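Protein chains: 4
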Amino acid sequence: MNSEIKVHDVGIIMNGVTGRMGKNQHLLRSLLPIIRNGGVRINENEVIMPRLVLTGRNAGKLKNLSIETGIENWTTDVDSLIEDNDYSLYFDAQTTDMRYESVKKAIAAGKDIYCEKPVATSTAKAMELYRLAAEAGVKHGVVQDKLWLPGLVKLKKLIERGFFGEILSVKADFGYWVFEGDTIMPQRPSWNYRKEDGGGIILDMFCHWRYVLDNLFSGVNALTCVGKTHIKKRYEPDGTPYKATADDAAYAIFELDSGIVVQINSSWATRVRRDDLFVMQVDGTKGSAVAGLREVWMQEYSASPRPVWNPDVEQPLRFFDSWTKMPAHEHHDNAFKIQWELFLKHAAMDEPFPWNLLEAAKGVQLAELALESADNRTWVTVPELK
Amino acid sequence: MNSEIKVHDVGIIMNGVTGRMGKNQHLLRSLLPIIRNGGVRINENEVIMPRLVLTGRNAGKLKNLSIETGIENWTTDVDSLIEDNDYSLYFDAQTTDMRYESVKKAIAAGKDIYCEKPVATSTAKAMELYRLAAEAGVKHGVVQDKLWLPGLVKLKKLIERGFFGEILSVKADFGYWVFEGDTIMPQRPSWNYRKEDGGGIILDMFCHWRYVLDNLFSGVNALTCVGKTHIKKRYEPDGTPYKATADDAAYAIFELDSGIVVQINSSWATRVRRDDLFVMQVDGTKGSAVAGLREVWMQEYSASPRPVWNPDVEQPLRFFDSWTKMPAHEHHDNAFKIQWELFLKHAAMDEPFPWNLLEAAKGVQLAELALESADNRTWVTVPELK
Amino acid sequence: MNSEIKVHDVGIIMNGVTGRMGKNQHLLRSLLPIIRNGGVRINENEVIMPRLVLTGRNAGKLKNLSIETGIENWTTDVDSLIEDNDYSLYFDAQTTDMRYESVKKAIAAGKDIYCEKPVATSTAKAMELYRLAAEAGVKHGVVQDKLWLPGLVKLKKLIERGFFGEILSVKADFGYWVFEGDTIMPQRPSWNYRKEDGGGIILDMFCHWRYVLDNLFSGVNALTCVGKTHIKKRYEPDGTPYKATADDAAYAIFELDSGIVVQINSSWATRVRRDDLFVMQVDGTKGSAVAGLREVWMQEYSASPRPVWNPDVEQPLRFFDSWTKMPAHEHHDNAFKIQWELFLKHAAMDEPFPWNLLEAAKGVQLAELALESADNRTWVTVPELK
Amino acid sequence: MNSEIKVHDVGIIMNGVTGRMGKNQHLLRSLLPIIRNGGVRINENEVIMPRLVLTGRNAGKLKNLSIETGIENWTTDVDSLIEDNDYSLYFDAQTTDMRYESVKKAIAAGKDIYCEKPVATSTAKAMELYRLAAEAGVKHGVVQDKLWLPGLVKLKKLIERGFFGEILSVKADFGYWVFEGDTIMPQRPSWNYRKEDGGGIILDMFCHWRYVLDNLFSGVNALTCVGKTHIKKRYEPDGTPYKATADDAAYAIFELDSGIVVQINSSWATRVRRDDLFVMQVDGTKGSAVAGLREVWMQEYSASPRPVWNPDVEQPLRFFDSWTKMPAHEHHDNAFKIQWELFLKHAAMDEPFPWNLLEAAKGVQLAELALESADNRTWVTVPELK
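Chains as they are written, first to last, in my numbering: chain A, 417 to 802; chain G, 417 to 802; chain B, 417 to 802; chain S, 417 to 802.
Please note that a few of the clues may not be correct.
The list treats identical chains as one, so a pair stands whether inside a single copy or across any two.
[As the list claims (entries may be wrong)] Pairs of lysine to aspartate or glutamate residues, derived as DMTMM-like cross-links and limited to a Cα-Cα distance of at most 20 Å, are as follows:
no. : residue 1 : residue 2
1   : Lys587    : Glu716
2   : Lys741    : Glu716
3   : Lys422    : Glu800
4   : Lys562    : Asp425
5   : Lys572    : Asp598
6   : Lys562    : Glu612
7   : Lys649    : Glu582
8   : Lys741    : Asp766
9   : Lys573    : Glu711
In short, the hints are calculated from the structure, not lab data.
All values reported here derive from a predicted model rather than from experimental measurement.
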């Protein structure tokens, strides 16, 4: 019982991890658990072990984060690190406007790339990053965490099993009431509501809708989108009022290559009378399902009630009763952590990883086209990116 | 103890009452109860009493209906009746393609007009009926029953009381699974699924959406609509298969004059995971409500939960618990009967009745524009009718 | 990475912390958590850090408390401490009869004052303390913990948002059955039930009612109060019977300056058929709410049912179903700790703190007037204190 | 099996039965069922059979009522009837302002008297009626229906069984939200809200409180009452606004001869978070009970929970769970019908009937004193009437 375990060391520059997503999802819930759990196990004899250095612009925050996480290495000098051969992987969770330049530098230095979405503020720049990475021959991946939400994992299982027959339509509702901040603390950062700071629900969510549709159903052929700034005055956490300039709601219809029609409402100005903050209903010839973030409710053809229209009397059917909650057939780990493990296997062991900079550019493209559609009140077709 | 009650007699030609809607809603649930209840009471001393003659094309059906209802007068000779001065009001519940000609004749004969929707198969014809009626100086009204659905009546009360603050958006879902007919009996007539017979969910429902939006919120400025024939093969009640050629689902976005955005899905190919066959959610700055056909659930600002996005854990909030079912503050009579009573008061006593042929033409227009939008995958603006 | 944090040291004489309230609420749940949490944070660079000395009359209890809390400094020699310039703040949680003399001494020595309520056994003495503190120019505050009960914080939010429209009336019920002690252990100390020891529910609770009404609604203009000693014989924890001489229930009606009428029952001889030990119902033209200690149930105008009086049949309405539980929009810390933090900011940083000795004198006044009203079975008006 | 049944015929002049109470409670739910049931059975051989004549001022309404009930005799000429020896009993359910004169006439004519409350608009007049009836030697009774509400009947049983030990206090809440009428139809007649028409909740309810307290507990010694007109503008059913001038809420405290303190809120401007429209809690040394209109919840000494005051944590006790619903040990007939049967036995068979004009005068007196107390913001003692 004396087998040697081969450890694949992967040095990772963690840039921008003092922010909310970087810290909570990537550091605390993904890489630290991976490290504490002994790395990513490949097989009986091999393991991938991440080795981290924390970087950012605020030394005080970095120091605190270092103390909090026990990760000793930190620096504000990212540029030197990028030239440091001790680290082969560059991770970026900075604010969106800074990502393009930083990732470009890292590609130039031959680093593998893993980063948050959106990868850039325009499709052109996102595609440039993809081309540069391809030419440099580095590995690259972009966060597409929603794919590993338990609800969507279960939904994908139903699709793979042919539960739906032919899929006809998809209807989704995302959102909740984000408080203005005058009497109840807002739940999201203020920059989200300022166009000039890169805010807006279209930029935030349509990258997600793209890869969710691509991965669960099929490519997107055309779309129309109405963007609205429903709440025009909001308040900083300290009570200072500010003008909300970015869209806080988007009403969109998509036509997929497969002919499926997809209708998605995204809103930070709606109140939730549904099963979850995000629900996606898929209707097919043989059955329907409604996926939330973690649960899925399903209704097979023969379980479908036969309602008759008669508003004169109380509805005799209780529609929620005809659905069955899909059981948990497996444990669902944190979505970010799952994708990190997949990317580490890709980086260290060359395992396939399709969620790369090209796919990420498609997400940027969809947001860009949605904004264009909203500005011009028109339908737009989605040109293929390659 | 000698008070005389003045009775306003109104002779009504009931054309097309052997059909489903004509018989059930107009005859059995509206006019018969009115007659049996002693007419429409105006005040302590006056009452309007309808006097009916049943007409149609099928003598056998008419005779049966006469026996079933106890209404003795019936005939297949509508044309003679229209010249008969004993009847001042012409009601039409024939199939849509026959309505235009019949109503035109009745107007020409100086009859007041009350009829089912859609009033004609094109906006041009619908407007012509309106102009003819206006020129002839007859009274006219068209069924807009959804306005008196208890759920929408309650919703209108909330709007009138300022419950919502500023109304931001409206999201509605209409529909259910209409069975194909191979293994489970379909719930709707087959012609609904054939374009060539005047079928289609857009033609059927968009007249309704128009007056619902006009009456609850504001005029419609522009719309886009995706129409789909999800189920392409259906079966007659006797099992004969037929090709479904009409749209059975429509995904639409409307912009209202007031700036409110409205998103409505209508589908006969969806399964219902919501409170009712039709639900309409209204979100406003001060509160939200979800109306079904008969019930309304409301959520005031301070009752709105403050969800935080964290798909890593089970959602700790139970979203349905934050809504209050609006109590029944009054008795809600059959929607068709209420509108009949209002029209009879209009016809006999000159009380106001805004739901006339012009308003009905607007409904035909909206359906027409929706079909145009669906055919061309485009946005269309809604020209004012007058 | 070299930022200095400025620490504002505040030396506090904790007098009377071996008692139940002093120990549990002030030491264990307020100051110790503040200290362990790194003091009261002012901004990124400043913090207020309390430094405590425990004092009292019983050396043994003080020593035990020192061991239990880890606070090393303790002494029974309060008088010397009061002359000690190392301590700038005097806190008093002694029994009421000792407070006046001790606080007077501390003011004379130039200490800032923070203390439990009631501050004195008469309005005259309470006002004298206020005048002395004002003349000495020391800072002063008095515990008004009920203001930070989560239920009342939520209720205040509803008031601030205009949820109630015009507020019409307030009805409150406080109390529960305090067992006599013969067969079930009493839940409260025996002196509470002896007038000669400063007991009585009026003295105990009416200070609270005063600041609750003042802070949530408006000043108190007049009141009447019936005081009762319902249970006349009680038992010490060791089983010795004693005569209960103090009022254990008070039935009061208040008229506020704003015209709102307030009706409050306080009783240690009642059994609880309500949502909580304390509930306060506020009825307004636009809505009503019932606040408990931690939760609030609300009912908006349109959610109000329309009951009709008919005792012949079972009540068809379920009245509890028409109320919505107000969600927790923020975390609610211990009420005593919140007020300690506010007072420390007042003492160290001059931030506003309206809950001072003058306000406390008003509480003593209300209790005094209530006793006068109860003795004479009369209404009393409340003279303004200044 | 040929026993003769002796029928005691009682001719009753039903004056004022076209009003809501007269028609529904007295005619439809009391006397008609008694008649249809074969009269009031005395024993195996005797029965009392009422024989009715309907009277009032509106011939049309009387005729309709005659048709509806099948009672053939009706007239608008009450004066002649009063002289008619065919009728021995005069019943009065007219509006309050007309009762005194009518009852006086009937007494003068030697009729037995049974009538609605309040018997007169002043204690002086009420006492005069009592004196006249006593002098004339006629029998007399007044409606005190609340005594036979199932909830109060059950409560009385608990009192009689000694369930409470010594009764300490009574707390009652009566009322609900009576809609103003602008957007929701009011549930009560408009005159209730006009002082000039004899309206007001004090006049309406305090007669009831008097006999409830007298019969369940003991005589009333003193009271104070705050009267309020919370809603100052209301609307007729037809939408016409009017000024509400009468009190719509009353907050009262009573001291009973037995030393029990009673606190009662009565309000038409409150929303109901309790078990019923009227609830009365009785606390005693051995147990407590809460009576609604039909149900009673009880809590015996040993079932009483032992709450400890700690608002820092969620209340661990669920207070509603500690109460037991008292089972229905008998059938509870309509309260009005029960009292009619008792009065008929009194009239025909001389059985005791303590709820006479003297008792009714006490109710008028209590309302009068409550209004006096409210006007002067004072306590008033209740002089004995005899």
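List, from low to high, the hint numbers that the structure doesn't satisfy. As far as the earlier hints go, 3, 4, 6, 8 are violated by this structure, in ascending order.
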